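> The residues making up each chain are set out below.
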Amino acid sequence: MESKHVLSADQFSLSCLVRLYQKTEKISSLLKNRQGRLLLKQVMNGRTMGLIFYQPSTRTFHHFSLAGFFLGASVGAERGVARDLPNGKVEWDLVFSSQMKGEYPEDLVRALGRYDVLVLRHHQQGFVERMADILDAFGYATHVINGGDGDGEHPSQAVVDLFTIFQCLGCVERPDFERLSSTSIAFIGDSFMGRTVHSLARLLGPLGVLMRFVSPRVLSLPEACRREFAERGFRCEYLERIDDLTPGETMFVYNTRIQVADYVWEDRAHITKLAEEYMLTQEVVRRLRFLAVMHPFPRRKELPIWLPDDPDTHEISIDRMPEAQYFRQMDLGPVVRAALLWDLVAPEIGIQDLEEAQWAESFTKQCMCGKVFSTILGWAERPQPYSRYLPKVASCPYCGPRRDGQIIHV
Amino acid sequence: MESKHVLSADQFSLSCLVRLYQKTEKISSLLKNRQGRLLLKQVMNGRTMGLIFYQPSTRTFHHFSLAGFFLGASVGAERGVARDLPNGKVEWDLVFSSQMKGEYPEDLVRALGRYDVLVLRHHQQGFVERMADILDAFGYATHVINGGDGDGEHPSQAVVDLFTIFQCLGCVERPDFERLSSTSIAFIGDSFMGRTVHSLARLLGPLGVLMRFVSPRVLSLPEACRREFAERGFRCEYLERIDDLTPGETMFVYNTRIQVADYVWEDRAHITKLAEEYMLTQEVVRRLRFLAVMHPFPRRKELPIWLPDDPDTHEISIDRMPEAQYFRQMDLGPVVRAALLWDLVAPEIGIQDLEEAQWAESFTKQCMCGKVFSTILGWAERPQPYSRYLPKVASCPYCGPRRDGQIIHV
Amino acid sequence: MESKHVLSADQFSLSCLVRLYQKTEKISSLLKNRQGRLLLKQVMNGRTMGLIFYQPSTRTFHHFSLAGFFLGASVGAERGVARDLPNGKVEWDLVFSSQMKGEYPEDLVRALGRYDVLVLRHHQQGFVERMADILDAFGYATHVINGGDGDGEHPSQAVVDLFTIFQCLGCVERPDFERLSSTSIAFIGDSFMGRTVHSLARLLGPLGVLMRFVSPRVLSLPEACRREFAERGFRCEYLERIDDLTPGETMFVYNTRIQVADYVWEDRAHITKLAEEYMLTQEVVRRLRFLAVMHPFPRRKELPIWLPDDPDTHEISIDRMPEAQYFRQMDLGPVVRAALLWDLVAPEIGIQDLEEAQWAESFTKQCMCGKVFSTILGWAERPQPYSRYLPKVASCPYCGPRRDGQIIHV
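Chains as they are written, first to last, in the working numbering: chain W, 1 to 410; chain E, 1 to 410; chain H, 1 to 410.
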């Protein structure tokens with residue numbers, strides 16, 4: 001990573017994304033067998049990660065946990081719950097921590113400064129950046145990752161989402177700009193509070209992808225974002241209804257939850273009705289000929305679920321259609337996040353290192369003459385002469401024992 | 001394990017139980033020293049386990065955690081609490097997860113599908129099986145373990161309980177059917193909602209053990225279970241009072257909590273009185289000459305506790321009598337569960353493998369002639385010629401250096 | 001450790017403290033690089049630790065977690081929250097455990113008896129000792145550590161605090177008694193309920209440090225403590241206001257929170273006013289010429305925080321003054337606690353062992369003649385002839401191959 005923290009989707013340069021996705025592919029392949037998994041556990045072996053989540057979370061929490069487990073990190077956690085305040089508002093508290101004794105969050109993160117990396121999720125926009133600033137100001141080496149801050153950003157999710165898109169387009173190895181600039185994505189649902197939308201748009205914009213924001217007026221993209229995107233030359237369109245989309249002209253759909261509970265100031269019945277209007281059914285997906293449907297989850301009515309015992313859902317839900325890419329997107333979560341952690345915390349370990357180490361597993365030593373020895377194959381040639389993963393010896397049957405007074409029969 | 005998931009006690013064949021208990025014994029012995037513990041940690045090294053507990057739990061939760069730790073797995077968790085609803089009922093919520101945003105449990109388990117094994121506890125009978133079905137239907141490789149589902153089953157506890165019985169009978173290595181068919185057990189307390197009772201009976205029935213269900217009428221074994229047990233030819237007797245047992249005729253007692261709180265529809269005072277009637281005191285145990293008393297815990301009044309500072313408890317509690325086997329039963333929890341995990345997740349690693357690896361720890365290489373080398377003993381004979389845990393060499397002082405152009409002085 | 005459990009600060013002999021602090025220094029240095037971290041993870045590899053915290057905690061909880069992670073232990077946790085009772089009092093519950101079904105704590109700790117070490121925090125004085133007694137009485141090998149018990153003690157924090165003081169005085173390696181007896185410390189704030197104060201005083205008293213307790217009358221040191229300290233010959237002074245301290249005569253300040261919430265029987269407004277009177281500002285620290293200010297955290301008003309965006313705090317807070325040693329004290333928490341765990345759970349592993357193992361990392365074998373071999377340096381001399389961390393061989397280029405029929409060319 002070029003920066004010490006992961007705070008915004010904006011910070012990912014294209015070369016950084018390419019490196020991340022190469023690491024993602026490597027991790028995917030290593031996870032497939034025991035040998036690879038043990039090798040992968042060396043990446044963060046001896047390092048610690050703390051997950052500090054003020055807000056509830058399933059995916060972000062467990063996927064970062066799993067990412068840490070994959071890399072061999074030790075993972076600690078502190079989680080919060082929502083409490084209803086007398087004034088009708090909601091407050092999140094880390095119920096088990098000294099926050100309950102009125103601790104400042106600035107002191108809390110300093111207390112956790114011995115973790116090598118902290119993943120923070122908070123209900124307040126800018127909170128995570130503020131904490132990163134405090135840690136930097138007081139000289140802590142801790143890396144901070146934004147796991148979602150209020151209506152702000154959710155950069156790790158955006159990186160997962162973009163990887164899913166790249167995989168669908170078959171351009172993970174190296175981005176195909178021509179292909180990307182002819183790609184279009186429709187963000188359907190809540191573009192107002194949807195922090196995953198804001199973050200993903202910041203990644204797709206610079207790649208030239210055409211973005212269509214399809215939201216009811218009350219949930220449309222905030223004015224500040226629109227202005228920013230326009231200034232940065234992103235290709236954006238703003239629509240109000242799903243039917244405004246021309247069939248066959250949108251490849252990807254990024255669907256988001258219309259969060260009824262969060263709009264306390266709004267008429268709830270109205271929002272519920274909206275959720276139904278923006279529902280993605282089999283009929284809609286077929287009619288508009290989408291290539292792939294994504295969703296950051298959790299979902300509600302806007303993306304009907306398929307349930308084995310409920311035949312009604314079988315008619316509507318797209319869960320079992322090939323266009324449904326959201327389960328794969330979910331499945332990639334821990335893998336892409338592991339790549340993110342790796343690049344942030346252990347950049348000194350390259351992909352080559354793991355490949356070399358994986359290779360070295362089957363051999364036991366190497367001679368100065370360039371041959372390597374396996375207990376099964378005996379001595380054999382190898383492409384490069386020296387590996388830091390194999391002990392070096394001074395003689396082999398091909399170069400003969402040396403008698404220069406230095407080393408014989410090692 | 002013959003099946004992908006652990007959902008019911010019914011699925012354990014006798015040969016499976018025998019294998020499980022051999023693994024349990026092996027784990028017990030490996031846990032005794034550092035060397036063995038490190039070896040054991042190889043079994044699930046690189047694998048991950050998620051504990052998703054909607055209901056509170058001490059033993060099942062921590063014993064599965066410990067089982068995972070013993071085997072070297074990385075363990076993540078998600079736990080729920082009970083909330084009082086306005087209608088007087090109780091609901092369990094995973095307070096930290098997106099369940100709080102109304103997530104479907106089907107989506108939740110899919111989000112956790114990257115865990116190699118998921119242990120689920122839920123208040124609803126059939127819930128765990130439903131989740132296993134969804135994961136299978138959508139192609140996840142995840143193993144699911146039922147950690148207790150409502151009034152349904154609690155298979156892992158039943159396997160622990162049966163091991164305790166086998167140990168008392170001295171027939172862990174191989175079940176002694178003659179001995180088992182002359183064994184009798186009395187289930188005293190709640191046979192209605194006691195899921196541990198239902199699960200254990202399903203294991204003991206096929207082994208020919210005589211089962212006496214001693215419960216007040218309101219808490220007697222559900223009609224469906226009675227019918228099922230009769231059809232399967234289990235030897236059952238139904239009694240209403242402890243005094244209906246003939247002294248000396250029952251070897252084992254499996255005592256269970258009379259769960260006052262759960263019977264909201266019942267007269268609470270009446271239930272409290274019941275708990276006292278079915279109390280296991282020193283007097284009862286001596287009079288009825290039980291061999292061993294077991295209890296799945298937590299306990300209430302039905303099994304009085306011994307407290308150092310309370311002399312009253314010293315007169316009543318059987319905690320310090322040799323018949324009290326429930327602490328040993330509790331102590332076996334993590335060990336038997338580790339065997340269960342091992343058999344489910346890493347069946348390719350046999351007991352022989354760990355024994356061989358343990359043996360190989362003291363040696364450093366083996367010659368093709370069949371000798372092995374230890375840094376302390378030098379070269380020595382060994383029973384079997386080759387071990388996959390030791391590097392192979394082509395010559396030793398006994399077979400002489402080979403000069404066939406292939407390998408010398410390895 | 002000379003005892004099986006860590007229950008009170010009183011149990012630390014001077015020789016034990018010296019050993020602990022040597023281990024602390026060693027751990028500090030090993031944590032600096034990957035090699036050292038991996039080595040350190042061997043200390044508790046294969047061991048398990050359970051953190052059972054009835055009361056909320058940030059530092060003690062995460063610092064013990066981190067300490068366990070550093071040493072390679074597997075860490076499980078059970079945490080509790082406060083619940084308001086109808087009678088206006090507060091109760092702590094382990095919300096996820098069977099405590100919610102009314103489980104006895106004695107049964108709870110027995111259920112967790114398979115953990116090699118249990119760290120307990122509870123709101124009741126004497127609770128942790130009671131649990132240790134029960135485990136001992138029933139033959140469990142589990143080590144118990146007091147993580148804070150009500151108004152009682154907090155020994156691990158005291159050990160951290162003393163290490164910070166020793167470091168400031170530059171006498172970590174070996175305590176300089178002359179220097180210590182000319183040292184003075186002022187405990188400012190709550191000496192009544194401050195369990196960290198009680199524990200630290202028990203460590204400093206025997207070392208001859210002059211202790212000044214500066215508290216409002218309602219929060220002054222309990223009579224029982226005063227009497228005990230007087231009998232043991234500790235040098236104590238009791239003051240009521242900060243201004244009673246003579247400038248330049250107190251080296252260390254140990255500031256504690258005036259816990260408004262806990263004094264329900266008191267006039268809250270009065271306590272809040274007190275907190276302001278005992279506030280440590282830049283002006284106070286400069287005027288009284290303190291050498292170092294410490295605080296066990298969390299803090300409230302008594303030690304004003306520095307916030308980047310709030311210029312008012314820049315005038316008052318001492319956070320960025322060199323006298324502020326509390327962040328360093330906090331940073332040492334996980335390290336000193338790791339030394340404590342090491343000494344308690346793995347006393348058989350000495351500092352020498354880790355040093356030797358660290359040294360052996362760069363070598364691959366040793367000859368009987370006393371030479372060692374590195375793949376980079378070849379054969380070289382070494383101070384001591386044999387290391388248990390290196391395989392032994394029977395010949396090297398300097399002593400020549402042996403031909404006594406036993407071993408050649410190993």
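In short, the hints are calculated from the structure, not lab data.
There's no promise every hint is true.
Identical copies carry no separate label here, and so any pair may be met within one copy or between two of them.
[What the hints assert, rightly or not] Derived pair list, reagent style DSSO-like, types lysine-lysine, alpha-carbon separation capped at 27 Å:
id: 1; residue 1: Lys-89; residue 2: Lys-41
id: 2; residue 1: Lys-273; residue 2: Lys-89
id: 3; residue 1: Lys-89; residue 2: Lys-101
id: 4; residue 1: Lys-371; residue 2: Lys-273
id: 5; residue 1: Lys-4; residue 2: Lys-32
id: 6; residue 1: Lys-273; residue 2: Lys-392
id: 7; residue 1: Lys-273; residue 2: Lys-101
id: 8; residue 1: Lys-273; residue 2: Lys-301
id: 9; residue 1: Lys-101; residue 2: Lys-32
id: 10; residue 1: Lys-301; residue 2: Lys-101
id: 11; residue 1: Lys-4; residue 2: Lys-392
id: 12; residue 1: Lys-392; residue 2: Lys-371
id: 13; residue 1: Lys-392; residue 2: Lys-301
id: 14; residue 1: Lys-4; residue 2: Lys-301
id: 15; residue 1: Lys-32; residue 2: Lys-273
id: 16; residue 1: Lys-101; residue 2: Lys-41
It should be emphasised that the depicted structure is a prediction, and the values quoted were computed from it without experimental measurement.
> Now look at each hint and say whether the structure bears it out.
Each hint tested on the structure:
1. Lys-89 with Lys-41: Neither way: Lys-89 and Lys-41 sit 43 Å apart in one copy and 46 Å across, limit 27 Å.
2. Lys-273 with Lys-89: Classified as within; 24 Å inside a copy, 30 Å across copies.
3. Lys-89 with Lys-101: both (20 Å within a copy, 16 Å between copies)
4. Lys-371 with Lys-273: Close neither inside one copy (72 Å) nor across copies (79 Å); limit 27 Å.
5. Lys-4 with Lys-32: between (30 Å within a copy, 18 Å between copies)
6. Lys-273 with Lys-392: Close neither inside one copy (71 Å) nor across copies (72 Å); limit 27 Å.
7. Lys-273 with Lys-101: between (42 Å within a copy, 18 Å between copies)
8. Lys-273 with Lys-301: Within one copy, since 10 Å is at most 27 Å while 49 Å is not.
9. Lys-101 with Lys-32: neither (46 Å within a copy, 33 Å between copies)
10. Lys-301 with Lys-101: Answer is between; shortest inter-copy Cα gap is 12 Å, intra-copy 39 Å.
11. Lys-4 with Lys-392: neither (36 Å within a copy, 45 Å between copies)
12. Lys-392 with Lys-371: Both. Shortest intra-copy (10 Å) and inter-copy (18 Å) distances satisfy the 27 Å Cα cut-off.
13. Lys-392 with Lys-301: neither (63 Å within a copy, 62 Å between copies)
14. Lys-4 with Lys-301: neither (39 Å within a copy, 32 Å between copies)
15. Lys-32 with Lys-273: neither (45 Å within a copy, 58 Å between copies)
16. Lys-101 with Lys-41: Answer is neither; intra-copy 37 Å and inter-copy 33 Å both fail.
Hint check: violations occur at hints 1, 4, 6, 9, 11, 13, 14, 15 and 16; the rest are consistent with the structure.
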